[in-house]
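Undergrad: Each chain is listed here by its residues.
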Amino acid sequence: MEKLFALLNLALQNITGYIYPNEVELHWNILIVIYPYITGLVAGAFILASLERVFNVKEVQPTYRLSLLTAFAFLIVAPLPLQAHLTRPERGIHIFLTPHLQSAMAMFGFVYLWYLMAVLLLEIWFDYRESIIHWSRSETGVKKIIYKILSLGTSDVSDKSIALDRKIGKFITVIGIPSAFLLHGYVGFIFGSVKANPWWSSVLMPIVFLFSAIVSGIAMVLLIYMVSNFLRGRKNDMPCLDKLGSYLLYMMLIDFSLEALDFIQRLYEAEESIKILSQMVRSKLFISLVVAQVIIGTVIPILSLALVKMIRSAEKFRRAVYFIAAILVQIGIFSIRWNVVIGGQLFSKSFRGLTVYKVELFGIEGLLTAIGLLVLPFVILFILVKLLPPWSDRKAVVNS
Amino acid sequence: MTKNQTAQTRREFLKRCLQIVPAAALVPLSAQAFAAEGYDPTQHDYGMGIDVHKCIGCGLCVQACKIENQVPQQPFYFRTWIERYTIPVEGEILVDSPNGGSQGFPPNPLDPKEVMRTYFVPKLCNHCAKPPCVQVCPVGATFVSRDGVVLMDPDYCIGCRYCIQACPYGARFMNPVTRATDKCNFCYHRITKGLLPACVEVCPTQARIFGELTQRPNPLARFRRVNKIQVLKPALNTEPKVFYANLDGEVR
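Residue numbers (the working numbering), protein chains in the order written: chain A, 1 to 400; chain B, 1 to 252.
No wet-lab data here; the hints were simulated from the structure.
Take these hints with a grain of salt, some might be off.
As the list claims (entries may be wrong) - Simulated crosslink set (BS3-like; lysine-lysine; CA at most 30 Å straight-line): (1) 130(B) with 54(B); (2) 275(A) with 233(B); (3) 284(A) with 386(A); (4) 275(A) with 195(A); (5) 66(B) with 275(A); (6) 193(B) with 275(A); (7) 113(B) with 195(A).
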């Protein structure tokens, strides 16, 4: 507790203007920043997967299974930052046992379970069923047992049953798209519905969250696809990369337009809070909003993606552009989450002052935990990829 | 303690358990758990009045509240606090609340000639009729009791702090001792015994008036009858039940 008081005393000395005395402590910290970031990646990766399934975008087929596994790996980690951030983590289960139905947060458990159980797990299982059965026959030892269990007792690989798998898979994806929208739109609603906070309170918030989620998901799958091809010594499928690059560009244009619209509207309406908010953007959020989010994370990737789309260029150059743009997009989307979550708490609800946020290094709500939680999905993904190889080259071998 | 006594106390203990367990299962979480015995919440509808003209910024209310409710003494935790507004002849309005105003206020930094007006505003939970904090609590740990008081169950709070984000008045804080959100409850343990909240009890100028909204006659009814009343941030439609008289438009 003494450490907390020392931190708060430090914050107290760095306040500008007037804030309510209870506002010295900033409550939603870096863990709550990574929560919407991770959830966004889940929704985005799933929507990318649905492009192939529902909208018949055949070029992105090489990333279909990878997108599903990526969504799954991130979805497993999504509730951990929330749980770690509770001051009473042992009571977290109350959200499921006695949910307060009017609370947006209480619905998290149900939206999450729906998405995990009814959408992702089912879709992955139906898509992999045939391969799992093949692997359960061809593999040996522990792996054989695992695949036997994963096959859930099915062994029918007739054309009829595979056609049924495809049909069910497509049906689940059709349900999955609104579910993915719900999952991340809902995360936006958690912030957008707080009327006490003018930085958050906006009807556009769920929509902006959604499109930024799609952007981050496409960019993340693109990165994972390129890196895994590099590690496996395989060539990137260029039409697939080009298509991913194009979709990334379109989604970024929508996302950026929405955010610009929100920004212009706020500026033009110039409500009571505008003075303190612009003061915040000009001082505390300048680096993370103007530099990281807008310039590095949005304008540069949009321009470079548009450039390779408009002028004919070498494959090598395009690959480099896609790779760098996808990394910059991740920086940009992380900054968006930071600017929403932390920015929304840096100004006083008295609209008369600003406070500070210093990230702790250690401790359950510190930087190291956050980094750990960001690395964890990749570890899970690595295991998943080992267990359920998503590569189409491997699938072809199995099928032949 | 003899063997017999031990057996007796053990028997009594088990007996009590048998009485308590079904009783606890039958009584849902309600204000009853926090109220004095024999108290009937349906017979009350509480609110508070604050006369800004009368507040002298002595800080006794803040001190009394901290002692009465075991609020940590550090300057980041307040169930009630006092703000000082200084409106200069020219320039920006100054607001301060050093240590929540608990030790009074230092002399005004401005030259008296430069000051147009200055006044103190006591703040606390507004016990809104439409409380955003209650709306967002994912587990129902905070709720409106039948007598209109917004209560907080520290033994059920999971510490997500959504309520702190949702409160437009900065009235909630995370209690580092209980690790649950904390806020003013009108000294519920006192008012259910017919006593006044600690802050009202100690106020030397009667700037704070505690009473009922619907029952007459009572001090709050009179306060609302004779004064022009305002509430904080009315545009947010939270319908506060802390009523201010002589409140300046600059107060947020």
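Undergrad: For which of the previously enumerated hints does the structure constitute a violation, in increasing order of number?
TA: Violated hints (numbers, rising): 3, 5, 6 and 7; every other hint is consistent with the structure.
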